[in-house]
Amino acid sequence: MTESPNRRKEPPRARDARSRGARTTRSALRQQASSYFSHHRKVARDSAHRLWQAPFATLMTWTVMGVALALPVALMLLLASLQGVSSGWESSARITAYLAEGVTLEQAEILQQNLDSDSRVAEVELIDRDTALDEFRSSSGLQDELDYLDDNPLPHTLLVTPGQSSRTANGVQTLVALIERMDGVDQVQVDLGWLQRLNAMTQLLSRAAWALAILLSAAVVLVIGNTVRLSIENRREEILVAKLVGGTDAFVRRPFLYTGAWFGLGGGLVAWVLLQASLWWLSGPVERLAGLYRSDFTLSGLSPGATLALIIAAMLLGWLGAWVAVKRHLDDIDPGEIAGG
Amino acid sequence: MIEFRQVTKRYDSDHTALRQVNFGLERGELAFLTGHSGAGKSTLLKLIMVMERPSAGEVVVGGQVLNRLPRRQVPYIRRHIGVVFQNHQLLFDRSVFDNVAMPLEVMGVPARDIGRRVRAALDKVGLLSKEKMNPLQLSGGEQQRVGIARAVVNKPPVLLADEPTGNLDPQLSADIMGLFAEFSQVGVTVLIASHDIALINNLGRRTLMLDQGRLVSSGGGGHD
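In order, the protein sequences belong to chains A and B. At position 178 of the first sequence the residue is numbered 188 (the working numbering), and the sequence of numbers has no breaks. At position 49 of the second sequence the residue is numbered 189 (the working numbering), and the sequence of numbers has no breaks.
Since the hints were derived computationally from the structure, they do not count as laboratory data.
16 Å max Cα-Cα, derived EDC-like pairs, lysine to aspartate or glutamate: (1) 52/A / 245/B; (2) 272/B / 238/B; (3) 295/B / 322/B; (4) 52/A / 238/B; (5) 264/B / 315/B; (6) 270/B / 238/B.
Predicted, not measured: the structure shown is a model, and the values here were computed from it.
Required output: the full structure, derived from the provided sequences and hints.
Written out as structure tokens, the structure is:
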């Protein structure tokens with residue numbers, strides 16, 4: 011802006027030349043950028059085309075990568091499904107408190123009210139001994155045998171549903187401890203044992219899944235690295251000439267990095283297909299098994315977001331593998347070897 | 141345009157390829173570099189291409205001292221130097237056009253300009269009609285001319301040639317030399333390594349002669 015008064019004083023031709031100069035620099039920049047992107051497009055297309063030209067080898071690499079990626083992802087999906095089961099169960103966990111034998115119905119009602127006023131408790135249901143006996147009589151099929159008893163052997167019982175804030179393994183345990191300390195409570199039962207075992211098991215499995223994921227990712231990087239190394243060897247002449255005519259390292263690297271990313275894309279897609287196929291194959295038996303356990307357990311598949319993440323991760327791994335190979339081998343190819351001694 | 145100041149290149153303790161070489165080439169000058177094989181011709185060309193670095197002394201191309209040039213700057217220097225090889229280093233997996241286009245692609249020239257400039261270079265060497273052919277289908281002389289087209293397609297100020305007529309008969313060699321002379325007339329500095337003494341003497345140009353790494357003659361009005 012400060013230049014404009016000066017500019018007005020210049021002879022028209024000089025002004026013209028300068029503004030033309032400014033225009034050309036600007037358009038040169040834009041041209042540079044557009045040719046940069048068009049080169050990227052060209053290289054991406056070209057490396058995809060090269061993979062297409064060796065379909066068998068490409069498919070093999072994709073499959074190896076797909077299997078290696080599908081394994082840990084399958085394990086993680088299974089874990090996610092199991093965690094769904096345990097969290098569903100935690101929310102429905104109820105604490106059963108058996109009261110001491112001498113406790114009267116009135117005392118039991120006071121206990122119920124006390125517990126109900128606790129903020130950590132959602133609901134308390136009192137089952138008096140007579141109701142309990144009736145229930146037992148009808149559900150156990152021991153009707154006649156129970157008639158021989160002179161006395162009702164059952165105590166009053168409180169069924170405690172933990173509040174929203176206490177629906178965790180720890181919260182339930184604190185509540186159990188509290189109820190156990192109350193006067194007149196004989197025994198407290200909560201079936202948290204198997205839940206904890208399941209939690210411990212899913213934690214162990216999730217560690218194992220991560221370890222497997224890391225190991226297999228490393229394997230994928232090495233496989234792609236080796237494949238790209240071979241393609242570097244195949245294109246040795248081209249690399250030499252490109253370096254000779256002033257190709258930067260980035261220019262020489264680019265096709266191989268794209269090759270790695272395409273391997274990754276194919277591997278990710280194969281992994282997705284494998285996962286969907288095994289899910290479909292397993293869904294019938296899983297449903298039957300869950301039905302037997304009266305559970306609504308289902309194997310969850312990959313969400314669209316997770317599918318995208320899987321494919322992007324696979325492409326990154328492929329790219330990384332290619333990068334390792336390129337780093338190791340491109341520097342070895344030096345145009346100095348063209349010209350003899 | 142090219143200047144060597146006391147340049148020494150030692151490969152091992154017992155093998156010295158160049159010893160204190162001094163010379164300068166002006167813009168538009170055409171000179172021959174000659175000597176027995178092993179006299180250091182290729183080493184001298186490699187120093188200009190920054191394929192090698194001097195053990196001592198300075199190599200200056202286009203006003204830039206190459207000794208201290210960082211490695212990642214090297215490609216940009218090479219874009220200003222066209223090179224022609226005896227075995228022409230053409231790629232046989234692509235057409236003549238694509239071979240010649242390589243230096244432009246490396247520089248990021250837009251596609252529409254590439255077409256125009258590649259055809260101009262091919263026209264210059266008389267091979268415009270063969271742009272779609274594979275270099276394998278061409279004769280030795282034609283292949284060499286494709287190599288020259290590739291070397292000059294981005295109009296470099298410096299053109300190096302390493303035994304460009306090594307495999308060619310005298311008539312073809314003379315044609316090629318004629319091409320180099322035309323480039324020097326438009327301001328390109330041309331340095332041709334050759335042991336074809338007869339051809340060199342015919343042309344009567346400045347000749348740098350190497351013997352066991354020493355510059356024994358730089359006749360024709362050189363700098364030193």
